[in-house]
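Novice: Following the hints, position chain W against chain B.
Just so you know, the sequences run in chain order B and W.
With the first sequence counted from 1, adding 14 to any position gets you our numbering.
With the second sequence counted from 1, adding 1 to any position gets you our numbering.
Calculated directly from the structure, the hints in this document are not laboratory data.
Any given hint could turn out to be false.
Here are the in silico distance ranges between beta carbons for each label pair [unchecked claim]:
#1 B:404 - W:129: 17 to 25 Å
#2 W:52 - B:75: 25 to 33 Å
#3 W:129 - B:323: 25 to 33 Å
#4 W:39 - B:308: 43 to 51 Å
#5 W:47 - B:362: 43 to 51 Å
Sample of chain B residues lacking proximity to chain W, with all beta carbon distances greater than 10 Å (derived) [stated by the list, open to error]:
#6 15
#7 31
#8 203
#9 245
#10 258
#11 278
#12 284
#13 312
#14 350
#15 387
#16 401
#17 426
#18 437
Here are some of the chain B residues that sit facing chain W, going by a computed Cβ distance under 10 Å [stated by the list, open to error]:
#19 165
#20 169
#21 177
#22 297
#23 298
#24 317
#25 326
#26 459
Since the model is a prediction, treat every value here as computed from it, not as a measurement.
In this text, a Cβ means the ideal position worked out from N, Cα and C, and glycines have one as well.
Chain residues, written in single-letter form:
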Amino acid sequence: MIERLRKIAIWIDDRVYVSKIFAATAGHHVPRTSGSWFYVFGSGTLLCFMVQIVTGICLALVYVPSSGQAYTSLEYLNYQQQFGWFLRAMHNWGSNFMVAIMLAHLAQVFLFGAFKYPREMTWISGVVLLLCTLGMAFTGQVLRFDQDAYWGLGIGAAMAGRVPVMGPAIVHMMLGGPIIAGETLSRFFTLHVFVIPGSILAIVSLHLRLVLTKGINEYPVPGKLVKKETYTEEYEAEIKQSGVPFFPKAISKDLIFSGLVLMGIVFCAAYFGPAGPHGIPDPTQINTAPKPDFFFLWLYGVLSLMPDYMETVVMLTAPFIVIGILFAVPFISNTGEKSPRRRPVAVLSVLFIFIVLGAFNYLGTYAPWSPKMEAWTSAATPTNYLEGRSPLERQGALVFHNKQCINCHSIGGEGGLRGPVLDSVATRLTGDQLVRQVIQGSGNMPAYGKNLSPPEVAALVAFMSTLHKPTEAPARDSTRSAQAASEIKQPNTTAEMANAKR
Amino acid sequence: MAVKELEVISEKAPERLHIEMPRRAFLLKLGFLLNGVAATMVSVPLLGYLLSAFRNDGGFTSWITLGSLNSFPENQTRMAKFRNPYTRPWDGQTADIPCWVRRMEGGNFQIFAINCTHLGCPVRWFQESHLFMCPCHGGAFYEDGSHASGPPPRGLYEYKCKIEDGQLWIHGGQLPTLNQPA
Chain B
15 MIERLRKIAI WIDDRVYVSK IFAATAGHHV PRTSGSWFYV FGSGTLLCFM
65 VQIVTGICLA LVYVPSSGQA YTSLEYLNYQ QQFGWFLRAM HNWGSNFMVA
115 IMLAHLAQVF LFGAFKYPRE MTWISGVVLL LCTLGMAFTG QVLRFDQDAY
165 WGLGIGAAMA GRVPVMGPAI VHMMLGGPII AGETLSRFFT LHVFVIPGSI
215 LAIVSLHLRL VLTKGINEYP VPGKLVKKET YTEEYEAEIK QSGVPFFPKA
265 ISKDLIFSGL VLMGIVFCAA YFGPAGPHGI PDPTQINTAP KPDFFFLWLY
315 GVLSLMPDYM ETVVMLTAPF IVIGILFAVP FISNTGEKSP RRRPVAVLSV
365 LFIFIVLGAF NYLGTYAPWS PKMEAWTSAA TPTNYLEGRS PLERQGALVF
415 HNKQCINCHS IGGEGGLRGP VLDSVATRLT GDQLVRQVIQ GSGNMPAYGK
465 NLSPPEVAAL VAFMSTLHKP TEAPARDSTR SAQAASEIKQ PNTTAEMANA
515 KR
Chain W
2 MAVKELEVIS EKAPERLHIE MPRRAFLLKL GFLLNGVAAT MVSVPLLGYL
52 LSAFRNDGGF TSWITLGSLN SFPENQTRMA KFRNPYTRPW DGQTADIPCW
102 VRRMEGGNFQ IFAINCTHLG CPVRWFQESH LFMCPCHGGA FYEDGSHASG
152 PPPRGLYEYK CKIEDGQLWI HGGQLPTLNQ PA
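Same shape as in the complex, but just chain W:
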């Protein structure tokens, strides 16, 4: 169709074609160029918005208190929970993060993540057999968090912790995974 038109034009007015065709070709190129620039202008904020979640600078963790030392008796492992430091107003209960606090003799603490190192299910502490057991695929851990049996590839994730002003502090804020332990 377009070719035929061109042929007609070229038959009728060969001299006009030389003037018109570069103009049409130029307009087409200009059209593409303009839209290319416009698309870039749109895509920069769009991609920036979408990929902002890729940022992974570790700035999400901070020290949070788990309360007075007295709430953790010696030689016991208890569940504690803290409000995640990075939250949004509509997070609801999902921002309440549980963890297992083990107090050894004196003031030595270990704080383990709730998530099994196999696939993230919540491990449960059994005081009687001194084991953490996972309900999903049967991973088990000893009281010091080391791997006891089952599919987990490592021991429990352990948070950094410190004691300040008579309180126990945990360094948390991020869901622990194999390549980014707590």
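The shape of chain B in the complex, shown without the other chains:
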């Protein structure tokens, strides 16, 4: 019986060359030094991609890519379909892990100088894979067809619409019609399920093929320079002298890492569950503050904090400049030192980029630039800002609340962060300046002149003039006489007397 199976196996191998293909791929020789913990991120990314394919196919069995029914089918997946919630969670976490591990792979490859001669194309194909993966992350976010997806598409359309002359046509092409509707979702489905994954499969093949033909990067040694004339010979000599077959000699750390990643995805999926969908994609339901997924929060931050005048130019050119620099990396520095120990600029660039992106992402998690749209109805004025105030000042606190000032300004930790915190505004602005600011506004603040009656302004300013710590004197006008100033310094309102007591 066993003999028989053996014969069948040998027959199959003789016809389709399984063992030869295996020896030429998994069995290819790699430098002994590349069996390192630093070299596990590429295979980890590939594993995530396979998870995405398997879970993606399963989800596509149930998901309906129609703008009228996508949301319902997602709810069905979450609550009716057996293990539907788990597969959705796996797909979501698989995507998070894939982007994160891919970024680690990118950083490692960059720091180890693996992009240098003769592996320029390996780097370039990797950059294309990075773009494809980010494309998958964005289109996938659209397929979770909820409010965030709908308004996220609106933001994409608004950016594309800024292109001179061609803008409207590009928006139309992107949406597949005059508005965000049925055909929009269909084309993002097509991109997410056919076009981009197909490209990824093809480019991954190229990427791996290049790893076989041009070899995996040896662990960089400080002082060992890459020279075009001698590198290939040296590399081949190293492989011949001390190379080991990838399988079974160098694969163990990849296997351990991949196993951990897979378990990590399963654990996160089971513990955190699926993401959304949040809120039906009905454009008339406008009580929403759209927010991108984690890996695009930095973009949200950049778009919010950039000065207005440079916005359009940056939006339309920055992506091309960044992608262009990524493609140019292997040609900017093609030979020479590989070790990060001798490449301080490379190390600092990576640190700088990750710190900047991390900082923007962190800001994106609480978005201080966005007004808190419900603050005026949900956040109460802290009582210690009302105690001991005169009726006029309390009336001012009411105006402050009713006119939605608190949506952008916070006092006592309540309210928005769009405008300055007003806890100690009285130490920065005098009463006259407060009146001017309220009535005329400024670049970042609307002018309230038309919307506040003079008594309301007087009450509001009276209230704000009490906003300072008891230990800090309020701002005063230096053009006024010293005598008047000393009079002003005296606690002349009940609030200030209360402050002084505290």
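Specialist: Okay, now just chain W, sitting in the frame of chain B:
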């Protein structure tokens, strides 16, 4: 390989080569030509299908009613919604488009798009402070739609509107963007 073959042939039968090579070269050219023509035949409908969305003739907008004038009290701004004139049967709720209708003294109307002119987020009307505010990046607009503060590069997009048969009509149908306002 091919060169060697040719050499063998040319050694053995130099006279046959003259007859055969032009024939092979001709067949190769013919093969390329045929496939070129076939590819063109395929690509015309294919590209036509794909690029049809590039068409941007403005034929998507038309007049739609927002209902009776009485549903819009004077000196108030209210949200109204309309079914987009150009829809497909599977569009669902996405084809219900909201807008802000401002009725001034008498019969003067202004209709604003819901989309902020910065990046298209939905602006909200605050009756108390007479402002439209955007939840995304903090753009604000006055009640007449003009820019009040924040990053938006212009005031709110304003639809054309008219009054006919005691009803308010809006000229809409297209997502407004900077280079193609409503």
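Novice: Give a verdict on every hint.
Specialist: The hints, checked one at a time:
1. B:404 - W:129: 17 to 25 Å: Holds: the Cβ-Cβ distance is about 23 Å, inside 17 to 25 Å.
2. W:52 - B:75: 25 to 33 Å: 32 Å, holds
3. W:129 - B:323: 25 to 33 Å: This hint holds: roughly 32 Å between Cβ atoms.
4. W:39 - B:308: 43 to 51 Å: 47 Å, holds
5. W:47 - B:362: 43 to 51 Å: 49 Å, holds
6. 15: Correct as stated: the minimum Cβ-Cβ distance to chain W is 46 Å, above 10 Å.
7. 31: 22 Å, holds
8. 203: 12 Å, holds
9. 245: About 31 Å separates residue 245 (chain B) from the closest Cβ of chain W, which puts it past 10 Å; holds.
10. 258: Answer for residue 258 (chain B): holds, closest chain W Cβ roughly 36 Å.
11. 278: 33 Å, holds
12. 284: 32 Å, holds
13. 312: Given a closest Cβ separation of 15 Å, the condition holds.
14. 350: 41 Å, holds
15. 387: 5 Å, violated
16. 401: 25 Å, holds
17. 426: 21 Å, holds
18. 437: 20 Å, holds
19. 165: Check passed: Cβ of residue 165 (chain B) comes within 6 Å of chain W, closer than 10 Å.
20. 169: 5 Å, holds
21. 177: 7 Å, holds
22. 297: With a closest approach of 6 Å, the residue 297 (chain B) hint holds.
23. 298: 4 Å, holds
24. 317: Where the cut-off is 10 Å and the nearest Cβ of chain W is about 7 Å from residue 317 (chain B), the hint holds.
25. 326: 7 Å, holds
26. 459: Holds, because the Cβ-Cβ distance from residue 459 (chain B) to chain W comes to roughly 5 Å (cut-off 10 Å).
Consistency with the previously given hints fails for number 15 only.
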